[in-house]
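Given chain A, work out where chain B should sit, using these hints.
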Amino acid sequence: MKTAAVLRQALSPQKVLTVAVAGNPNSGKSTLINALAGTRLQVGNWPGVTVEKKEAVLEYQGRKIRLVDLPGTYSLSPYSQEEVIARDYLVREKPDAIIDVLDATNLERNLYLTMQLLELGLPVVAALNIFDEAQNKGYRIDTGAMEEMLGAKVIPTVATRKRGMEELLDAVVDAGEGAAERRPRKLPYGGDIEAAVTEVEKKVTDLYPHLAERYPLRWLALKLLEGDRQVLQETNLGDHHALAGEASRHLQQAHGEDMEALMADARYAQAAGLTREVLRKPEASRVELTEKIDRVVLNRFLGIPIFLLAMWLMFKLTFDVGNPLVDWVDGVFSGPLTRWTKALFIWIAAPEWLGSLATEGVIGGVGTVLTFVPLIFAMMFFITFLEGSGYMARAAFVMDRAMHALGLHGKSFIPMLLGFGCNVPAIYATRTLENPRDKVLTALLIPLMSCGAKLPVYALFTGLFFAAHSTTVIWSLYVLGIVLAMAMGIFFKRTLFRGEYPLFIMELPPYRLPSLKSLMIHTWEKGKHFLIKAGTYILGMSILMWFLLNLPWGVKDKKDSVLGRIGQGLAPIFQPLGFGQWQAASSLVTGFIAKEIVVTTMGQIYGKEEEKQEEPPTLGEDLKEIGLSLGKAITEAGRNVVATFGVASLAVEEDEKTASWRGALTEQFSPLSALTFMAFTLLYMPCMVTAVAFRHEFGTWKWFGLATAYGLVLAWLVAFAIYQGGRLLGLGG
Amino acid sequence: MSDLLLAGAIIIGAVYVLYRSLWKKRGYCPGCDAGTCPTKPEKNSH
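Chain order of the listed sequences is A and B.
Position one of the first sequence corresponds to residue 0 (numbering that gives the first Met the number 0), numbered consecutively onward.
Position one of the second sequence corresponds to residue 0 (numbering that gives the first Met the number 0), numbered consecutively onward.
Source of the hints: derived by calculation from the structure; they are not laboratory data.
Even glycine gets a Cβ: it sits at the ideal position worked out from N, Cα and C.
Treat the hints with caution; some may be incorrect.
As the list claims (entries may be wrong) - Short, incomplete list of chain B residues facing chain A, as computed with Cβ under 7 Å: (1) 2; (2) 13; (3) 16; (4) 17; (5) 21.
For reference, chain A alone in the conformation it holds in the complex:
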C-alpha cells in the first residue's frame, strides 16, 4: 500500500502537481482561479473544440502547481460539450487533485457535482466559496462535519477578496501529494443499487482487468449501470451490456424508473441529506432580500414593464453621463487634432491629397466613431452593472415566460440578451443550447438585437432630430428589435423549425452589489474592443472609403465618385422609405462591414473643410482649452448623474448643429425619415464580423444568407410601414 511518505519520496522537487478546478457556473470559479493564478493564466482551447481552456502554473512553498480550469458544469453527465470535456479530462488525465468550487449560498445544488466528483476516487478539496455572503445571510455551515461526510478537506473562501487562498493551496498540496488525512468517501447509493454496483465492479475486475486499471472502478460500474453510451462506446462494451444489463433491468423494474433518473435521484438525495446535516439557516419565516425583490421583479404582470423600465433607465443614464464627453471628444477631433494634423502634413511637405486622406479620411472617419466611445463605455458599464447585480438573469427569466407563452424556446433569450453588447459573442453563445435546431433559430434572431455598434447611428440621429426625447426614441428601437425577434421566432417555428421545445431550468443568482473595481474591469473588457475596431477595420475601411469618394482621381463632386455612383444606383430602393439620397444608400452599403461605419461614411461624405480662422490658437492654447473643456464635460456628466431624471442632455445646441457637418444631415432628413433610417439600420443585415461568426459556428454560409435575406426584406417592410404610416398620420415626410 502506498503511504503518504512513500509518495512524498517518489515526488521529485520539480514534480508538478496537476490540479483540476471544477465547479458549477456562477460558483465564483473564474474569480477563484484569477485570485490563485493572477496574471499567470494562459488561455487556449480544449483539443478539437472551441471551448476556452485556462491554465496556470504557480509556485507554492517550493512546489509547482499546474491549475487546469474545467468548464463550469452542473454535473458530469455527457450531455453538453462542457460536461464531456470536464469528465473526459478527469477520467483520462487523472489529475493529482481536484478543487471543487462550491457556492456556499447554494450548497445543495452545488453538492450534486461534488457527489459525482467523489465517485471518481480522486483527491478532492472543496472550496466553500462566497462564504461571506452565506454568513451575511445567517447561514452556519459545519465544515468539520462536511469534511467528515465527504472525506475531503473543506476550505471556506471568498475569492473576490482572496480570502482562504493559502489554506486552499495547503490543502491542495496535501491532497495532491497524498498527505491528506482524508480520502474521498464512497457515498452509498443504498440497498439494491449499492449491491448492483458491487456486483458490476467484481465482474469488471474479473472479466476486464484492463478497464479496471484504465477507469476509476466505482465510477465505471455506475456508468455501466446507467448505460452511459459514451462509456460503452469507449470501452467497446457496446455488445457486452450484459455486464450490467441484468442488474439495470432489475433495478428499473423494482423502482419503476430508468437507471439514469434513479442515479440522479440518489445523488440529489445524498446532496440534500448532506446539506441537512451541515447547514443551519436562520428562521424559515424570514424572507430574504432576494426573494422580496424577486416577488416584484418576477411578478407575472409587473415583470415585463419593470424590464422595459430598467432598459429605459439604462439608456437615460447612458446618455446623461456619456453625452457631455461625446461633445468633448467631438470638439477635440474636429478642432485641435484636425488643425495639428494639417499643420504637420504641411510642415513635412506631403502631397495635398495625403493631408486630405489624413484629415477627411482618417480623422473624419475613425474620429467620428471614436466620438461615440464615451456613450459605448457608459452603456457597457450599465449593462455590466445589470449583469453583475443579478438582474439580467431575471430579465431572461421574465422573457422566457413570455416566449414560452408564444410557444418559443425561452433559453434562446440568453444569447439574445448578450446581443445587446455585440452580436458576435451572442452567436457563439448559442452553443449553450443543446438542440442544433434551437441554435440556428436563435442565431437567426440575434442580428435583430441592437448591438453597441448601432448606438453611434442612433446617437447621431436622435441628437439631431429628437434631442428632447432621445432616450425614449433609442429605447423604442431596442424594444422594436426584441418584438420583431419574437415575431420572427414564431414565424420560423411555424415554417422552417417546427417541433417541440424542451423546458429548462434557469439559474437565478442572488442579487449582489457589484464592486466598482469589478465593474470597471468588465466595462473595459467589453468596451476596449470598440477601440481596437476603430484602430483596425474601421481605420482600413475609412481609408478605402476616402479613395472610393475621390476616385476617379481628381473628381470634383463626391456624387460622381465610385462610392457616389454605387449610392446613386441603390438610392431608388430607399426612395419609398424617405431616404432616397445617394449619401444614405452609400452609408448603408459600407455599414455592412460594421454598423459604426454608417456614421463614419456620413462623416466623410458630409465633412467639409473648416473655414480658415484669422488667428488659429497656439498649441499651448489648444492644450489648455482641451483640459478646461474636459473638466467642464466631467462636471456636467457628474451633474447629470445627480439630476439623472432631469432634462435630457443629448440636445445639440443650435449654433453647434449648423456649424458642424451634421447640420447637412438636417437638410436631407426629416425627423420621420431619420426614424425610418435608424429602424432600417437596426434590422437590415448582420455585419461582416457577425457573418464570419455564423460561418465559423455553423460551418456553412447558408444561415448567414438566410439572416441577410430576411433581414433586408424585414428592414425594408418595417421602414416602409413607419415612413408611409407616419406620412398618413401627418407626421411629415
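Okay, now just chain B, sitting in the frame of chain A:
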C-alpha cells in the same frame, strides 16, 4: 508616379488590415472576453 505608388501601398495596407482583422481573426470582437467566443487561433495551446 510616386503619388500613385504611395496610394497603391496605402490601399494594399488598408485591405490587409481588413483581411487580418475580419477574416484571419475570425471576428474576435467586443464581448468576446466574456469567454463565449472561440479563442483567437494564434493563442491555441493545442
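A quick look at each hint next to the structure:
Against a cut-off of 7 Å between C-beta atoms, the interface hint on residue 2(B) holds, since the closest Cβ of chain A lies about 6 Å away. At about 4 Å, the closest approach between the beta carbon of residue 13(B) and any beta carbon in chain A falls short of 7 Å, and the interface hint on this residue holds. This hint holds: residue 16(B) has a C-beta 4 Å from the nearest C-beta of chain A, less than the 7 Å allowed. A hinted interface residue such as residue 17(B) counts as satisfied when its beta carbon comes closer than 7 Å to some beta carbon of chain A; here the least separation is about 4 Å, so the hint holds.
Interface restraint check: residue 21(B) against chain A, minimum CB-CB distance 6 Å, threshold 7 Å, status holds.
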